[in-house]
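Asker: Okay, here's what each chain looks like letter by letter:
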Amino acid sequence: MSDALRAGLRAMAGQRRLAGVLWLSLVLPAGVAFTALAPLTRLLDSSPSGASLVKGWDSWALLSWHATRTAQWKGTLAVVLLALLGGWLLQLFLTGGVLRVLIAGDRRPVLGRVVAGSVALFKVNLWATGRYLLSLAFWLGGVCGGVAWLLGKVAGASAVPESPWIQARDLWLLSAGPLGFFMVSLRFDLARIALARGEAATARIAYRLSGPRIRGHRTPLLGIALLWSGVALALGWAFTTIGVSMNPGSVGALLALVLFRQAGFAVQAAARVGFWASLLRFDEGRRAHLASRTIRLSDEETAAPLHDRGDGEGPGHATSGPP
Amino acid sequence: MQAFLFLAFLPGSPAFALEAPRKVVDYDIQVTLEPKERLLTGHETLRWTNPSDLPVATLKFHLYWNAFRNSASTFSQESRGHLRGDEADRKEGWGFIDVTSMTWSGADVLKGARFESPDDGNADDRTVLAVPLPRPAAPGETVALEIAWKAKAPKVFARAGHVRDFFMLGQWYPKIAVLEPRGMRRRAEAGWNAHQYHAFSEFYADWGDYRVAITVPEAFVVASAGAKVSETRKDGRKTLVFAQERIHDFAWSTDPRYVVRESRFDPTRDVPASELERASKVLGLSREELMRGLRPVQLRFYMQPGHESQWRRYEEAQKWALAWLGLWAFPYPYAQVSVIDPPEDGMGAAGMEYQTLYTAGTDRRLSWWPLRGLRFQEGVVLHEFAHGYWYGLLASNEFEESWMDEGITTFAESVMMDRRYRYFVELPFGVGLADEDRNRAEAIGRDLDPIRRDSWAFASEPSYYRNSYARPATVLHQIRRLAGEEAFWRAFRSYALRWRFDHPTAEDFFDLFRPLAIPGFESLVAGCFSGTSFVDFRIVSATSERQASRAGYDDRGRLLLPPDEKNKRKADEKGPFETTVVVGRDGDLVLPVEIALTFENGQVSRTRWDGREKWIRLRTVYASRLARAEVDPSGTIVLDRDPFNNVRVLRAKGLSAAAKVRAYAVHLVENLLSLAWSLP
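Residue numbers (our numbering), protein chains in the order written: chain A, 1 to 323; chain B, 1 to 680.
Rather than coming from a laboratory, the hints here were simulated on the basis of the structure.
Here the structure is a predicted model, which means the values were calculated and not measured.
Possibly wrong hints are sitting among the right ones.
What the hints assert, rightly or not - To spell it out: a stretch of chain B is covered by chain A in this simulated footprint if at least three of its residues, at any positions, have a beta carbon under 8 Å from a beta carbon of chain A; those stretches are:
no.	region
1	451-458
2	673-680
To be verified - Result set (SDA-like, lysine to any residue): computed pairs, CA atoms no more than 25 Å apart in a straight line:
no.	chain 1	residue 1	chain 2	residue 2
3	A	Lys74	B	Leu110
4	B	Lys653	A	Thr35
5	A	Lys55	B	Leu110
6	B	Lys152	B	Pro181
7	A	Lys153	B	Gly306
Cβ atoms here follow ideal geometry from the backbone N, Cα and C, with glycine treated the same way.
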């Protein structure tokens, strides 16, 4: 795990161009949203709350906007939601290219290679995403939600909120929910790594490959994910808190805030690169381990009569790396 | 001058105010609860004194729980089984109350009893019982009735009822209606005021003393509106006797699972010095005068298991409410307050006021971050305890004038909430929503009803809620802004002092404000309380151009030519400038408003407009060009329906609010997207 973390930190500090590409994936939907919001927010300048909004937060500005200009309010929400959706899809799309560049090392042009890699992996990544969403629905909806539903049923309709069954249900939801989400997502990540390495031609094979790599090593994998989550959250919190306290009152100050926030997002993007690099190192370690086991098994099998090997493909072939 | 004299006399308690209520009815009740069967078996000795100057031949009673008797009751039909987000159990959740006997001096008076439906003529409604007497009760005569009854608690969805072993017992006994004598609540003739129990009505009752003996299984913890007098135990049951004077309602609650937490309001410690200072300054009373009468109050919190950690939040809000209402209205006159915390699946009982006791309501998850910033616990305590004043101690008629309780309570709650906590909902990074703003946003919507209307006669449920809660509260804030802090709060306090232990009407409230000659007050009374008027001030047009140089022949007959295009552009940058601004008023509320014209050189010209006409044109010639025209720059008109047309900017200077909001909005987008990077 420490090896993986070192690799991640090295990549976080060294892969600045890659981080820049990820940062651009934030800036693009944000820029579109900024432009689209212009006609929807113009009314704030002709409201009495305009001056107070320049000074800071004004609860009446928000509530009166919602109460009296419903169309603009809904439009603003729609723009924000569409920007979020677009940004998320863009991140999903770019992940394949980012992984390929990380695997190959920092060769220029990074942006072009990320886009080319993403385009090349688009179809298989889409299938993998579909599989991921299904797995998520199964684990969160079926397993996590199903067990919670069963516990609720066992408790009965007239159970008091602090009854052991209800407590167990809440505890289950609080623990199994996030844990299930993390594990399903990590398997998706490892499958995408397998696709990026070219180990698997389809999402199905990639998922099949990622399974054994997680098995028996869930704790270190979860450790890596949690650690990088912590780093990313801490960075986000720090930059947001400082940004909010800047509370610009002039055009210059607003520009300074925008620059500061973008610097923060760039650092967060670097942390994301670090996470992927850590995950790649973990994956490499597991591949090597599984490959050596395969070789050992193959050696043993060579001593055995040829007819015992069936069609000649040892068990390690399915999980071995690309040529 | 008139206003000045009036104000000068306000601080003291007016001579005609009551120090204690006129006692009309006393109850001596014995009741036994069978939790498994949800049955109450009771007997009461009711002593009612005819307060009118006429003989009374028929007595009228409220049997509120018959609202839950079946789907044909008026309550069921109006609510269709839904109220305040809760749903009735329409299979086994029904409840009822049946009077099994009623005697007066040994004579059975129940024989001729009949149910009445004065409001809607619903023959199936059983919530008002008329009982003819064998002989009329003479004016001033006390009628002592012996009444036996049994009642079944409904599954709680509308205030009273049960969930498992939790029982909230409000309006649970045969309760005599109010006989209003001539003059009371401005009545021309004496008569009964007995309405059916409606989905959107609450209660109205007469003052008296209560003594209630409650028998429950020994394991049950009992909370009640009274002070405990005695407790005896026998055969696995216990009987607790409670007594309370000077009330018009006696509610109680029981649950074996209650975790009781106790505290004490100590005025010397719990009244914030800053609030005392503020009240002293605004009300024109010394601190000693304000603190006089504020007494220690025993606080009991009946918490659900799992909610224990939240009792401190209840306690803090409760102490603040006792301090604030004690200063700005009058000192709480009872010795105790009981706060009921209903179970999470019994929230139909939550947020309901009774006297000296009320139900709050919370959820375990509300103590988790970041949900802690949702101040539902504080909000419900401030609101329900404030009811103890406007419904409890100024016993207004909630059937006919719901705003006098709900509206004034919502107003007081918003002042208490925003002053103490700043925001009703507080999110991370300094973002929050103020309680007053929340009400205001609801109040400025379109209305189908006036505020003054029988509570069951509103066009719809949202109309009832808006016109009973948010709209009257916002109108009171409007009156406050127009009157000024001193005048408003002195009149407000005077209203509270004058009408405590009595039954005020809306006109009584208005009459205390009328001498202040508040501009626009009568328009608000007519337009909001009795009508559906609104107001929307707006900048219709604003121009500021260089004063045109004269063209044509001058007095000496010389021909003056206008400057050519090139020179005109240069000349346009020099003054003087003729500025014309037209401000309009939509809606029928006539309120005074200020108009501010800000010029490019930073000078601000302020004009006060009485708002009587539909529009006003301001014209000025000044050395600088107009940069910004604004109507109501200080935000006095809180009822302004559309604040987004109040400003016209001709020359923007400095940072634009829209640009700042857009920048924050895209930062939010980027934050959320980068949050996804925090996850695998």
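Asker: None of the hints should be skipped; say for each whether it holds.
Answerer: Hints, one by one, checked against the model:
1. 451-458: violated (count 0)
2. 673-680: holds (count 8)
3. A:Lys74 with B:Leu110: With Cα atoms ~61 Å apart, Lys74 (chain A) and Leu110 (chain B) exceed 25 Å; violated.
4. B:Lys653 with A:Thr35: holds, 21 Å
5. A:Lys55 with B:Leu110: violated, 70 Å
6. B:Lys152 with B:Pro181: At roughly 34 Å apart (the allowed maximum being 25 Å), Pro181 (chain B) and Lys152 (chain B) break the hint.
7. A:Lys153 with B:Gly306: Since the Cα atoms of Lys153 (chain A) and Gly306 (chain B) sit roughly 21 Å apart, the hinted pair holds (cutoff 25 Å).
The structure is inconsistent with the numbered hints 1, 3, 5 and 6, although it conforms to all the rest.
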